[in-house]
Amino acid sequence: MSATAPIASGTSGMKTPRPGGRLPLVRIAVRQYWIPLLILLVLAGRTAAVLIHHYDGWADAVALRDHVGSRAYHFGRYVDDAHNQTAKLLSDGTGVAFRPALLAALLTGVLTAREWESRRVVLVLTQSIAPRRWFTARWSTLAVIIASMTVPLVVAYRISAVHALRLDLLTYGSDRQNAYYTIGPVTVAYVVLGVAAGALAGTLLRRAWLALVAGPALAWLAAAVLVRSRAVLLLDFPLFSKVHGLHPGGVLGLQFYDALPEDSYLINSLEPGDYWGYQIASSVLVLALAALFGHAALRVVRHRTAQR
Amino acid sequence: MSYPPRPDAALVADGVSKRYRRRGPDVLDGCTFHIPAGVVCALVGPNGAGKSTLLELAAGVQRTDRGSLEAFGGQVWAGHPRVAHLAQHRPLFHRFTVAETLRLGARLNVGNWDAELATRVVDPGRFHKDDRIGDLSGGERTRIALALALGKRADLLLLDEPMADLDVLARQELMGLLMAHVADTGTTVVMSSHIISELADACDHLLLLDEGTTRLCGGIDELVAAHAVVTLPGGLDRLAGHTVVEARPAGRGTSALIRTAGAPGDDWEVRPPSLEELVLAHLAAPGVPGLAFPPNPPSRLHVKETAA
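Residue numbers (the numbering used here), protein chains in the order written: chain B, 1 to 308; chain E, 1 to 308.
Chain B on its own, in the form it takes in the complex:
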């Protein structure tokens, strides 16, 4: 311990801590989690920088198309042709589509499990605060912060994808559908699902190493189940005017965009006017599942501790 001047010598020396400020539980959570969140911010910053850098590439694509013509741009072989540009956009999208959700599940799972594993949770459970409120505040804080980091990535990606679609710079076929429809509000909803899955895994398992694997696995599994269910739930949704495209195969009816399970039959059937309907309907389903996981995690806490 340092031998320098103490914070207090006599009762007058110690600053009496003021209880509050606004959102005291959020401030405590941020104080505890700032290092892993900073790492996430750096990762998000890197992905955003790549997206912004690649946005400039659409000007090269436009120049190429003007030079060689639309047909050659789409079906020829050039460095900046439609195929390569779409592949680049899809590659950028892999960092946005589901990885933030997996990272959110991993982080929440480990942090939650660590709190139980180290038994530091006892410190909080014996203060004048309901466990439900404590955990809800912590998980909500994580969800809001990670979602806030994801939103700019989604916006940057969407600006790029919409720009390319409007200028008809994307290749035709399933890649175009994937690039345009997959990322949006549902991506942010997946982050919330990741936090909820991590919260449930961490609370149930109470072992950081187990939660490290189980959190992301649960988030992925939930997304996979949801996508398969969504195929049933949404295929005949009246919002979608036409259904076309072919089912390109996959594992148990699932295809993947990076780690994100998706139903290509549904994706291929969408038209630009369907984007918001599809995104909002998917987001509602994902958020409902996240709420279910969050509720289950709180039930586990309730079952484990004595509560009113």
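Note that these hints are calculated values from the structure, not bench results. Warning: the hint list may mix true and false statements.
Claimed, not checked - One-sided and incomplete, this derived list gives chain E residues near chain B with beta-carbon spacing under 8 Å:
#1 Ala59
#2 Gly60
#3 Val61
#4 Trp77
#5 Pro81
#6 His85
#7 Ala87
#8 His89
#9 Pro91
#10 Phe93
#11 Leu104
#12 Leu108
#13 Asn112
#14 Lys152
#15 Ser193
Backbone N, C-alpha and C fix where the C-beta goes; we use that ideal spot for every residue, glycine too.
Got chain B; can you put chain E on it based on the hints?
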């Protein structure tokens, strides 16, 4: 059959059982006792007797498997503003500084926080404002944890080996501060320790646990008065009618610690046992029935089982 709440009781256990693994042994097995409000109770027992588990159950950190545990006439629950708990492993957030930890206490006990008392506990430690909890020694962490427990302004303090990590001077100083606080406020204290002589000076009530059950519970004076150390010529047969807790040959006679039931013989040497003798004798004689002052009412669990 139901019993009305007993407002004079700080902590009442009725047939409390707890096990950690489904097929493991019961850590607490039908534990029943009654601790009046305003006493300083020594919680004593060998390793594995269930002392820490009992304190955690009383703090609401864990849930009982069977039986009920009431604090001030109501069921215990995590976050009870009238109950404070100092856990054996001193759970604290290691990255927080001392000042931040006190602020945490203030934020988690809004309207219920005695900053002045917490400061009085922390001050003699002469901490620097940047000292992190993780860098402090075990004794220093105990001081901080004790400040959080006392600062909560609780009516029931559950202290799990509060003086275990402290040096002699700190022990004396903190015990003095604790006793002064108790004298000022009438706070009920349940304090576990292995150092019986230390408890004898500070406590006026005893709860002896062994193998998860209550062996002795009551005012120390009453318990001591109910027992006697006798030395008498002859064998054990002369002690018929009394409950012999422990006996050994002493020369041509017998020395025994007995629970008196009637007048002693004229040729007996009789003296009251020390607290240490009383505790050790009961721990060495698991077959001797327990004793409680006031006597425990019949267990509600037992009544229910009989009715069924």
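Consistency of the hints with the structure:
The criterion of a C-beta within 8 Å of any C-beta in chain B is met by E:Ala59, whose closest approach is roughly 5 Å, and the hint holds. For E:Gly60, the suggested interface contact is upheld, since its CB lies about 4 Å from the closest CB of chain B, less than 8 Å. For E:Val61, the interface hint holds, the least distance from its beta-carbon to any beta-carbon of chain B being 5 Å, beneath 8 Å. The criterion of a C-beta within 8 Å of any C-beta in chain B is met by E:Trp77, whose closest approach is roughly 5 Å, and the hint holds.
Restraint check, E:Pro81 versus chain B: the minimum CB separation of about 4 Å is within 8 Å; hint holds. Because the smallest distance between the Cβ of E:His85 and any Cβ of chain B comes to about 4 Å, under 8 Å, the interface hint for this residue holds. Annotation: interface hint on E:Ala87 holds; nearest CB of chain B at approximately 5 Å, less than 8 Å. With its C-beta approaching chain B no nearer than about 6 Å, E:His89 sits inside the 8 Å limit, and its interface hint holds.
For the restraint placing E:Pro91 at the interface with chain B, the shortest Cβ-Cβ distance is roughly 4 Å, inside the 8 Å limit, so the hint holds. Against a cut-off of 8 Å between C-beta atoms, the interface hint on E:Phe93 holds, since the closest Cβ of chain B lies about 6 Å away. A distance limit of 8 Å between C-beta atoms decides the matter here; for E:Leu104 the minimum to chain B is near 6 Å, and the interface restraint holds. Look at E:Leu108: its Cβ gets to within about 4 Å of chain B, closer than 8 Å, so that hint holds up.
At a threshold of 8 Å, the smallest CB-CB gap from E:Asn112 to chain B is about 5 Å, leaving the interface hint in force. A cut of 8 Å between beta carbons decides the hint on E:Lys152: the least distance to chain B is about 7 Å, and the hint holds. Look at E:Ser193: its Cβ only gets to about 19 Å from chain B, farther than 8 Å, so that hint breaks.
In this structure, only the earlier hint numbered 15 is contradicted, and the remaining ones agree with it.
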